[in-house]
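2 protein chains.
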Amino acid sequence: MRPKIYLFGDSITEEAFNDGGWGASLASHYSRTADIVLRGYSGYNTRWAVKMLEKVFGAVDEEAQAPVAVTVFFGANDACLVDRYAAFQHVPLDEYKQNLRTIFSFLKKRWETAAIIFITPPPIDEAVRLLHPYMENPGGLPERTNEAAGAYAQACVDIARECGTPVVDIWTKMQEFTDWKKSCLSDGLHLTKGGNRIVFEKVLEKLKEVGVSLEKLPVDLPLFSEIDSKDPLKAFEK
Amino acid sequence: MRPKIYLFGDSITEEAFNDGGWGASLASHYSRTADIVLRGYSGYNTRWAVKMLEKVFGAVDEEAQAPVAVTVFFGANDACLVDRYAAFQHVPLDEYKQNLRTIFSFLKKRWETAAIIFITPPPIDEAVRLLHPYMENPGGLPERTNEAAGAYAQACVDIARECGTPVVDIWTKMQEFTDWKKSCLSDGLHLTKGGNRIVFEKVLEKLKEVGVSLEKLPVDLPLFSEIDSKDPLKAFEK
Numbered sequence: 424m425r426p427k428i429y430l431f432g433d434s435i436t437e438e439a440f441n442d443g444g445w446g447a448s449l450a451s452h453y454s455r456t457a458d459i460v461l462r463g464y465s466g467y468n469t470r471w472a473v474k475m476l477e478k479v480f481g482a483v484d485e486e487a488q489a490p491v492a493v494t495v496f497f498g499a500n501d502a503c504l505v506d507r508y509a510a511f512q513h514v515p516l517d518e519y520k521q522n523l524r525t526i527f528s529f530l531k532k533r534w535e536t537a538a539i540i541f542i543t544p545p546p547i548d549e550a551v552r553l554l555h556p557y558m559e560n561p562g563g564l565p566e567r568t569n570e571a572a573g574a575y576a577q578a579c580v581d582i583a584r585e586c587g588t589p590v591v592d593i594w595t596k597m598q599e600f601t602d603w604k605k606s607c608l609s610d611g612l613h614l615t616k617g618g619n620r621i622v623f624e625k626v627l628e629k630l631k632e633v634g635v636s637l638e639k640l641p642v643d644l645p646l647f648s649e650i651d652s653k654d655p656l657k658a659f660e661k
Numbered sequence: 424m425r426p427k428i429y430l431f432g433d434s435i436t437e438e439a440f441n442d443g444g445w446g447a448s449l450a451s452h453y454s455r456t457a458d459i460v461l462r463g464y465s466g467y468n469t470r471w472a473v474k475m476l477e478k479v480f481g482a483v484d485e486e487a488q489a490p491v492a493v494t495v496f497f498g499a500n501d502a503c504l505v506d507r508y509a510a511f512q513h514v515p516l517d518e519y520k521q522n523l524r525t526i527f528s529f530l531k532k533r534w535e536t537a538a539i540i541f542i543t544p545p546p547i548d549e550a551v552r553l554l555h556p557y558m559e560n561p562g563g564l565p566e567r568t569n570e571a572a573g574a575y576a577q578a579c580v581d582i583a584r585e586c587g588t589p590v591v592d593i594w595t596k597m598q599e600f601t602d603w604k605k606s607c608l609s610d611g612l613h614l615t616k617g618g619n620r621i622v623f624e625k626v627l628e629k630l631k632e633v634g635v636s637l638e639k640l641p642v643d644l645p646l647f648s649e650i651d652s653k654d655p656l657k658a659f660e661k
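Chains as they are written, first to last, in the working numbering: chain A, 424 to 661; chain B, 424 to 661.
Since the hints were derived computationally from the structure, they do not count as laboratory data.
These figures come from a predicted structure and were not determined experimentally.
Please note that a few of the clues may not be correct.
Simulated pairs of lysine-lysine, DSS-like, Cα-Cα distance not exceeding 25 Å [stated by the list, open to error]: (1) B/K474 x A/K661; (2) A/K478 x B/K639; (3) A/K657 x B/K474; (4) A/K616 x B/K616; (5) B/K653 x A/K520; (6) B/K657 x A/K520; (7) B/K531 x B/K639; (8) A/K653 x B/K520; (9) A/K474 x B/K661; (10) B/K520 x A/K657; (11) A/K474 x B/K657; (12) B/K474 x A/K653; (13) B/K657 x A/K478; (14) B/K427 x A/K478; (15) A/K616 x A/K596; (16) B/K478 x A/K661; (17) B/K532 x B/K520; (18) A/K653 x B/K478; (19) A/K478 x B/K653; (20) B/K661 x A/K478; (21) A/K531 x A/K474; (22) A/K427 x A/K478; (23) B/K427 x A/K427; (24) B/K478 x A/K657; (25) B/K478 x A/K639; (26) B/K653 x A/K474; (27) A/K427 x B/K478; (28) A/K631 x A/K427.
Starting from the given sequences, assemble the full structure and let the hints guide the process.
Listed below in structure tokens is the structure:
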């Protein structure tokens, strides 16, 4: 049985298999070693995620192998401002932190050996968000700000440290590029191919750090390079 | 539990999550409804695949839900010519047919309800194959020909009809495009983004025909569009 890596999060996870997506890149990288299982829920915040944890991860199956890793990628919706049109997605910062703790404990209780990797929300381009309202926006103000996203990103980093679990701070990482608004974001919130590439590379780095690497995972069936052209069936006799 | 769709085949399946790959496109399409499980084995022919069937699909688990579909995409390696450098991958046409029958029966015996979708090998650009030998090629001739690939494609179509199961004939489909050598193939054998697009579209068409469609599959958790902004938690109470 191949080990599994779950990707759990909001739309930036749900879209992870779009063209150039970070999930597809992980599936390609681990094509002979691990199954990438998509559990992305567009629009969801941690409050809704916590309510649905049992449903997302199914009934406890004692026989089933624990996944080797789970990425937890929430916060972009929690960080919607409370006085703007997407307020119904907003989750207060303290509740967001508590919800991340709850998600972490749930996963660790179920799968003690699984590496839980937090990913912070991405930065926000407010001017571009104004061009992409997904509901009526009578106030004419962006529903998210980069400052708010940054506060949730910092909280995510803090909770990861508190839990002793790895974290990918893409809010900070992306802003190291001077052209981040254009190169990383497609609509001021979701990711371009370039943004996806950063998430892929940073998540892969963390996966390797916790031993989820091509060097350490067993390969599913002999590789073509290991098959002797003079006696190919020998490779399958083990 | 989300239903699964297995992708079983050779390198053209193993690479299905590369940039623009047909597997990634399926995963994106079914992002809230089905798990796409990659079982691609680069270089493999049906002889090796048959030997490894039990290992590929694991021990029988009576509790486990049957996958809704399995794609079976072999033949490109079986069709290697017997008198060229890749002869060790060659499988005679009659044995290829018998192996497809064996794979079909194995899957149907295990999962009666699963739709088994055959995919023929792609066409071959012989001139370009000569530029990409993967072993020493003292003879200076291509290891595959389009004619041979066509014979295996026809055999695949024939066995699918005999088994009463759907088949995607990409050998024929791709050659409907006058520029197929450039638009569909990257190295005379493997697929460009355009080639991947064709496989994705044709496989999706067959999946829809057998009822594996967004219209018929249950959605995993409420969609964002179904969540009432005035009372979001209501959607999660069911």
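**Prompt:** Any of the earlier hints contradicted here, and which numbers?
**Reply:** The structure conflicts with no hint, since it agrees with every one listed earlier.
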